[in-house]
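Build the complex from these two chains, which are given one at a time in their own frames, with help from the hints.
Protein chains in written order, with my numbering: chain A, 1 to 128; chain B, 1 to 381.
Among these hints, one or two may not hold up.
Heads up, simulated BS3-like pairs for lysine-lysine below, C-alpha to C-alpha not over 30 Å straight-line [claimed, not checked]:
id	chain 1	residue 1	chain 2	residue 2
1	B	K57	B	K14
2	B	K240	B	K327
3	B	K226	A	K69
4	A	K110	B	K240
5	A	K72	A	K4
6	B	K156	A	K62
7	A	K110	A	K62
8	B	K251	A	K110
9	B	K50	B	K98
10	B	K226	A	K62
11	A	K110	A	K4
12	B	K252	A	K110
13	B	K50	B	K118
14	B	K226	A	K110
15	A	K25	B	K240
Everything labelled a hint here was simulated from the structure, so no lab data went into it.
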Amino acid sequence: MNFKGTILLVDDEAHIRKFVGLILKQLGATNLVEASNGQEAIAIYQRDNPDLVLLDISMPMKDGLTTLKELKAIDPHCVVVMLSSIVTRQSIDEALALGAASYIRKDTPKEEIAQAFNEVIETCFEHE
Amino acid sequence: MEPPAAQSPAPDLKGRKILIVDDDRLNIRILSGILRKQGYELADADSGEKALEVYPKFNPDLVLLDVMMPGINGFEACRTLKQLHGDACAPIVFITAKNESDDVVEGFSAGGVDYLPKPFQPREVLVRIRTHLQNQLFAEQQKLLVEQLSKANAAKNRFLGMAAHDLRNPLASVRGLAEFLRDGVVGQLTPDQLDLIETIHTASQSMLRLVNELLDVATIEAGELKIFPESHNLSDLIQKCVYLANIEAAKKNTHIVFAPPGQTPHPSIDAAKIQQVVDNLLSNAIKYSPPGSHVAVELRANDTHCSFGVKDQGPGIPEGERDKLFKDFGRLSVKPTGGEKSTGLGLAICHKIVEAHHGTIMADNLPGGGCEFSVTLPLNS
Chain A
1 MNFKGTILLV DDEAHIRKFV GLILKQLGAT NLVEASNGQE AIAIYQRDNP
51 DLVLLDISMP MKDGLTTLKE LKAIDPHCVV VMLSSIVTRQ SIDEALALGA
101 ASYIRKDTPK EEIAQAFNEV IETCFEHE
Chain B
1 MEPPAAQSPA PDLKGRKILI VDDDRLNIRI LSGILRKQGY ELADADSGEK
51 ALEVYPKFNP DLVLLDVMMP GINGFEACRT LKQLHGDACA PIVFITAKNE
101 SDDVVEGFSA GGVDYLPKPF QPREVLVRIR THLQNQLFAE QQKLLVEQLS
151 KANAAKNRFL GMAAHDLRNP LASVRGLAEF LRDGVVGQLT PDQLDLIETI
201 HTASQSMLRL VNELLDVATI EAGELKIFPE SHNLSDLIQK CVYLANIEAA
251 KKNTHIVFAP PGQTPHPSID AAKIQQVVDN LLSNAIKYSP PGSHVAVELR
301 ANDTHCSFGV KDQGPGIPEG ERDKLFKDFG RLSVKPTGGE KSTGLGLAIC
351 HKIVEAHHGT IMADNLPGGG CEFSVTLPLN S
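Here chain B stands alone, though its shape is the one from the complex (with noise of 0.2 Å):
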């Protein structure tokens, strides 16, 4: 039976340019023959010092490179190609007489993909060949892939920032003035007015936190996320939060308490976005325990860290959610308990704020229901 004839390369390989070191001009020769019948395009170098100098002009897709010949060996020339040209470096492949178990476990070790006995077998050469090329070729497309992505996340950054940004001020502006109208600054309303109004400034209010929370991501994405931080009494913060916070919490007639501890931690905070950090615990912890609720914050520190911890009534992480708590858009099946909005936002930004300050944030169920929300910070002295 015929032999399979080595199969020419896939178009896409024409051209790809293969590096050729040898000290035996006959073995260039040959391999040079069988290649370029493919159409690949070659250079070659007697030497591993001139295949060193000929690799940066030429910079070939693969290295054919012989093992035993005068001045640096094969593995020697392989390990300073990787230590030069590092990720970028072409895939060598080894092909050499020398074919102990040894010499094979070498040249894998210094860096080749392949390892090919003298004398060869062109069609193996060949097929081997394609093969490296065809993965050398994935991993570039890959890589240009990756670097496209990585462009086109930016430019939606970018993007989101600006809308963000441009869409912020005009709906502060209308919840402002919704609020003017619904005081009754500029005369009395009648109920329906007055509802009318209502509705005007829960949806510019939703809104607006929606936009604050784009704006966040997008700024955290671009890597923007800046701290600020200064010496702050971790308790008036929190104290403060949870007084903003019951406002909303009586609307479901849930209670947030928090007894301040006796001694009060002063942690290195950038205040205003701890206090984001703090809104958004306590405004999940409404959001997801139903009316009526009873809400714990609590503040504990040692010599080296201060922790508060923010416990709801609500149904709990679900098992096999947990983490989707902490990223992007990562809502959970639980729903809120009065209709809120939930953007999936808040949580993956406080993580990214928490990080900042080199603290840790984590979610534990507690055993009588609910879950507990807590919030590490070092101390510096």
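The shape of chain A in the complex, shown without the other chains (with noise of 0.2 Å):
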């Protein structure tokens, strides 16, 4: 992957971050940030203003699909994945219908998050 851009990861577990950070990092990725809620995501997104957010639909108190209602009115050309796990299918294309150029489930083996992941970088960055 060349992708050198600012990743920003959003889940409020902090083990998918590590496992979902372990596998960005070993595809080459180094700038990455990490917010642990939907709140947190939208300072950072202000302040660092990253290429690529990564954001996870159920999260607690501000969920997935706020989160990213409001980052696109911050910014309606951010591009936001989202992570998935049970296939919801419906909140997967509400995501998408928001403006989501994608997702990866995150409950799959690496190799499976690891290549999802160099599709959608492809797939969103391919004209750069």
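Here it is as structure tokens:
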């Protein structure tokens, strides 16, 4: 992967941030920032203006869909990829309708996550 | 010898409600007299029309119904009550001087539970009424029990779903992080350390599988299994599953062989769900075949249907256990050949998924040993 932009990884579960973070690092990502909830994600987005946001769907308090709406209101061009666990198809469809670029299942083996991530990068940033 | 006194009703029948319908006020008075002594609560009506009017207000547990009355007769009143109240209708006992065999037959056909001749014997009337009230009470209790059980079952499914959902992510991370350690991403491990990590990985892997299956069962039982069908290349899907399953199979020196057909069927399926079915059938074939086996996967299609089959070299399905195959927790007496785990949920889930695709799943023992599981799916043009 030759993606050198800043990635914001948002998930309320620390073990997921660690796991997905390790995969991203192994893929060569160097600029990784983390947030553990939607509120924090929005604050960090405004501060760091990351190139890509990986956003968990189900989080307590402010869930992924609400956070996505707010991010899109701040920056209509922000690239957000949802992190889903059980394939709650409705939430994914809703997220895609709200402007999410794609989704990745975080509960699959790391090779599959890595492959899905590579595909996302190719589709979202191929024009660059 | 003294005839036995009519038994008074069991205490739990006191206060049960009886509606007496007769156009003859004297009959109502006599019946009321003997029934009131038993502690029943009573209401009366002097015509069929009146009975239909009183019934919903009084809500009786039993109706004593005369047949010959001006206006609508007892049979008609009975049919109307049954129509209006269906299964919830109280038992209806005819009490009438119209006693030809044909009349009795018509009374039962109209939905009555009993037929008492007039002039009546009070003691006989009492025992018959008591029996019907008791049956009615049992039926009510059963209904209540079924309602409570289905509520408890729904609560169990919700709990199962929640527990499985919350266990899933941490387990996936344990497995994933173990993979990082195993693959030496954070430094080389000694053989002993590697052995421990392998154990953690295998344990979390099998727990994750169990949790996934429990979650599937909870989803299916709650009636929330949703299929999102799209046209898919079934051959490609099977090939992908076979490729992954062969990695597991290699550990038992087993080979899965799939020769795709010349023309590939494109059924309308939920790919993730059908993949789950294929994965399950392949993993069963590996699990129950002795090491060094040969598992054959076949895909066939005609104009209206396509089907795929998985042939293993295991012990086959034992006689008399066939009906357990596709049931929840329906583990058979056959055991995995490599100490693998089995929850007994896999095939039940496959069955539900295939059913949701309007397809069928079958299992047959093969003449030369082993068995074949086959799934048939409709092809819409």
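Has the given pair, K252 (chain B) with K110 (chain A), been kept, meaning a C-alpha gap of at most 30 Å?
-> It holds: about 24 Å lies between the C-alpha atoms, which stays within 30 Å.
Straight-line alpha-carbon gap K72 (chain A) to K4 (chain A), limit 30 Å = holds, 22 Å
Within a Cα-Cα threshold of 30 Å, do K50 (chain B) and K118 (chain B) meet the stated pairing?
-> holds, 22 Å
Satisfaction of hint between K62 (chain A) and K226 (chain B), Cα-Cα up to 30 Å | holds, 27 Å
Holds or violated: K110 (chain A) to K62 (chain A), with C-alpha atoms at most 30 Å apart = holds, 27 Å
Regarding the pair K110 (chain A) and K4 (chain A), is the alpha-carbon distance no greater than 30 Å?
-> Given that 30 Å is the threshold and the Cα spacing comes to 20 Å, the pair holds.
Pair hint K25 (chain A) and K240 (chain B), alpha-carbon separation not exceeding 30 Å | holds, 27 Å
Regarding the pair K226 (chain B) and K110 (chain A), is the alpha-carbon distance no greater than 30 Å?
-> holds, 27 Å
Can the restraint linking K57 (chain B) and K14 (chain B) be considered satisfied, given a maximum Cα separation of 30 Å?
-> Holds. K57 (chain B) to K14 (chain B) sits at ~20 Å (cutoff 30 Å).
Please work out if K156 (chain B) and K62 (chain A) have their alpha carbons no farther apart than 30 Å.
-> holds, 28 Å
Compare the distance between the alpha carbons of K110 (chain A) and K240 (chain B) with 30 Å, and conclude whether the hinted pair is satisfied.
-> holds, 17 Å
Holds or violated: K240 (chain B) to K327 (chain B), with C-alpha atoms at most 30 Å apart | Since the Cα atoms of K240 (chain B) and K327 (chain B) sit roughly 28 Å apart, the hinted pair holds (cutoff 30 Å).
Against the hints set out earlier in the document, no violation occurs for any number.
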